[in-house]
Amino acid sequence: MGLPAVEWWILDKMRQKQHSFLSVEGLTYVIDGQTILSDISFEVSAGERMAIFGPSGSGKSTLIRMINRLDEPTSGIIRVEGEDYRNIPPSSLRRRLGMVLQNPNLFPGTVADNLSFGPLSHGESLTEDDIRTLLTGVDLEGFENRDISRLSGGEAQRVNLARTLANKPEALLLDEPTSALDEAAKAEVEATIMSVINAHQVTCILVTHDPEQVRRLSERVMLLEDGQLVADGPVAEVLNVG
Amino acid sequence: MLGRWIENQVWLGAAQAGVTMVAALLVVWLTVRLKLGLKKDILVALGRGVAQIVLVGFLLTVIFGADLWIAVPVIMIMIVTASVMTIKRVSQIPNALRISLLGITAGAGLVIGVMTFLGVIEQDLTSIIPIGSMMVYGAMNTNALMMERFRSEVGSHVGQIEAGLALGASPEQVIRPYARRAVTSALTPNINGLRSLGIVWIPGAMAGMVLAGENPAYAGFYQFVVSGSIFVTAGITVLISIALLRKQVFSEAEQLLLRSEAEL
Numbered sequence: 000m001g002l003p004a005v006e007w008w009i010l011d012k013m014r015q016k017q018h019s020f021l022s023v024e025g026l027t028y029v030i031d032g033q034t035i036l037s038d039i040s041f042e043v044s045a046g047e048r049m050a051i052f053g054p055s056g057s058g059k060s061t062l063i064r065m066i067n068r069l070d071e072p073t074s075g076i077i078r079v080e081g082e083d084y085r086n087i088p089p090s091s092l093r094r095r096l097g098m099v100l101q102n103p104n105l106f107p108g109t110v111a112d113n114l115s116f117g118p119l120s121h122g123e124s125l126t127e128d129d130i131r132t133l134l135t136g137v138d139l140e141g142f143e144n145r146d147i148s149r150l151s152g153g154e155a156q157r158v159n160l161a162r163t164l165a166n167k168p169e170a171l172l173l174d175e176p177t178s179a180l181d182e183a184a185k186a187e188v189e190a191t192i193m194s195v196i197n198a199h200q201v202t203c204i205l206v207t208h209d210p211e212q213v214r215r216l217s218e219r220v221m222l223l224e225d226g227q228l229v230a231d232g233p234v235a236e237v238l239n240v241g
Numbered sequence: 000m001l002g003r004w005i006e007n008q009v010w011l012g013a014a015q016a017g018v019t020m021v022a023a024l025l026v027v028w029l030t031v032r033l034k035l036g037l038k039k040d041i042l043v044a045l046g047r048g049v050a051q052i053v054l055v056g057f058l059l060t061v062i063f064g065a066d067l068w069i070a071v072p073v074i075m076i077m078i079v080t081a082s083v084m085t086i087k088r089v090s091q092i093p094n095a096l097r098i099s100l101l102g103i104t105a106g107a108g109l110v111i112g113v114m115t116f117l118g119v120i121e122q123d124l125t126s127i128i129p130i131g132s133m134m135v136y137g138a139m140n141t142n143a144l145m146m147e148r149f150r151s152e153v154g155s156h157v158g159q160i161e162a163g164l165a166l167g168a169s170p171e172q173v174i175r176p177y178a179r180r181a182v183t184s185a186l187t188p189n190i191n192g193l194r195s196l197g198i199v200w201i202p203g204a205m206a207g208m209v210l211a212g213e214n215p216a217y218a219g220f221y222q223f224v225v226s227g228s229i230f231v232t233a234g235i236t237v238l239i240s241i242a243l244l245r246k247q248v249f250s251e252a253e254q255l256l257l258r259s260e261a262e263l
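Chain order of the listed sequences is A and B.
Each residue of the first sequence is one higher than the one before, starting from 0 at the first, in numbering that gives the first Met the number 0.
Each residue of the second sequence is one higher than the one before, starting from 0 at the first, in numbering that gives the first Met the number 0.
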């Protein structure tokens with residue numbers, strides 16, 4: 000649930016005292032003459048739970064892809080803990096800002112193969128205990144050796160989340176993580192996300208077009224419309240105006 | 000029968016081609032009767048086929064009278080033409096022509112050069128040009144198959160490729176399975192060709208030598224030289240092309256540039 004304005008103000012002051020984890024300054028993205036994002040600026044504090052909310056085509060997925068550097072902005076800058084993200088090797092940046100894409104896009108093989116992919120790609124391996132712990136975190140105990148073709152939509156998305164967590168990211172970027180799921184699976188995945196955020200105390204940016212999901216998972220929300228940032232503040236305040 | 004009436008070899012060839020053309024026109028007539036809608040395609044193909052091959056025949060008559068060095072520009076023209084034809088369906092891939100040109104030049108150039116130097120291909124124009132053309136043709140087909148398959152593999156696995164990148168894997172790591180699949184599928188017809196050599200089919204070089212009265216055993220060995228060289232040329236070509244190609248689909252910031260089949 001969102002917070003009343005006074006509590007938000009107190010939280011905002013507290014956040015200013017915390018260090019800024021992510022800073023986005025004047026981000027603009029133009030492709031084929033069409034402006035997808037226009038001069039977007041905001042900051043995210045460490046440990047904050049923020050949602051980027053807006054209708055389809057508002058540019059929210061593009062924005063989160065740019066934070067993970069899967070797309071390149073036309074202009075503007077993103078800083079991670081004060082450092083220009085262009086100075087961080089893309090693979091390191093992406094491990095720090097773990098992205099969970101809309102569709103799980105799991106790799107062929109077992110659940111364990113998928114969890115090991117990120118660490119293996121930079122020369123680390125997961126122990127059986129690591130895999131068990133990750134699966135327990137997403138409520139999929141005993142799924143290590145299950146082939147991904149035998150997973151339900153909700154299970155696949157939870158494996159996707161665990162696969163991202165295997166890199167021990169400092170922040171989670173969730174791009175419409177439940178949009179392809181039915182109501183029951185959506186509730187399961189949301190519960191898992193909340194439990195993961197609480198357990199890892201990780202900064203979280205969620206992209207969604209579902210206002211109820213914003214209320215359930217976030218404390219702050221940014222409203223995007225036609226590539227413009229039109230509101231940024233406590234959930235109850237922004238969504239009531241929106 | 001024709002040989003008894005016509006003594007001049009060129010006129011005899013023309014008459015034989017004429018008989019073949021009549022047979023082909025019968026097929027065209029049948030397709031028209033069956034309303035297959037192929038009339039125009041077949042007529043254009045027949046016209047082009049006969050004009051091109053006869054023209055090349057006359058051209059080779061002139062070329063075979065020239066010095067040995069003429070083989071270099073002739074083979075180069077074949078390589079450039081093959082490279083242009085290779086990229087017809089993959090021109091959206093950045094630098095596709097340059098990659099194809101480098102791949103085919105390295106594959107065909109290396110194999111033709113080494114084989115000629117070692118005397119495996121006889122050092123005369125009547126051997127170098129026809130055998131060289133077979134290698135360039137083989138390299139062109141294999142490279143075109145590989146490039147098309149690679150484009151299609153990338154286009155249909157955008158989600159998994161980006162998921163891999165988002166997990167911090169390098170472009171090299173995420174593209175590897177799709178590059179491997181493209182190379183494997185492109186080389187499979189060559190491998191099958193080698194496997195079935197002599198059992199399922201007797202290829203052109205051997206058939207021609209036997210028809211010309213050569214010892215069939217020698218013709219068999221020589222056919223392997225030709226088929227094996229075509230395989231080596233194709234292999235080198237696709238390995239060089241894929242090494243260059245896999246770098247073209249990512250930006251310097253390790254972002255996937257070819258995003259979907261629709262964009263390709």
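Hints listed in this document are in silico derivations from the structure and should not be mistaken for laboratory results.
For clarity, every value in this text was computed on a predicted model and none was experimentally measured.
All C-beta atoms in this analysis are idealised placements derived from N, C-alpha and C, irrespective of residue type, glycine included.
Errors might be hidden in some of the hints.
Listed below are several chain A residues computed to face chain B (Cβ distance under 8 Å; list not exhaustive) [stated by the list, open to error]: (1) Arg-68; (2) Leu-69; (3) Thr-73; (4) Ser-74; (5) Ser-115; (6) Glu-123; (7) Ser-124; (8) Thr-126; (9) Asn-166.
Okay, the calculated beta carbon distance ranges per label pair [unchecked claim]: (10) A:Glu-71 with B:Gly-158: 35 to 43 Å; (11) A:Gly-32 with B:Glu-171: 47 to 55 Å; (12) A:Ala-186 with B:Lys-34: 30 to 38 Å; (13) B:Val-113 with A:Ile-30: 18 to 26 Å; (14) A:Asp-146 with B:Trp-28: 49 to 57 Å; (15) B:Leu-35 with A:Gly-56: 41 to 49 Å; (16) B:Lys-87 with A:Gly-56: 51 to 59 Å.
Example chain B residues on the side facing chain A (calculated, C-beta under 10 Å, incomplete) [stated by the list, open to error]: (17) Gly-64; (18) Gly-154; (19) His-156; (20) Gln-247; (21) Ser-250.
Quiz item: Hint by hint, which ones does the structure fall short of?
Solution: 3, 4, 5, 6, 7, 8, 10, 11, 12, 13, 16, 17, 18 and 20
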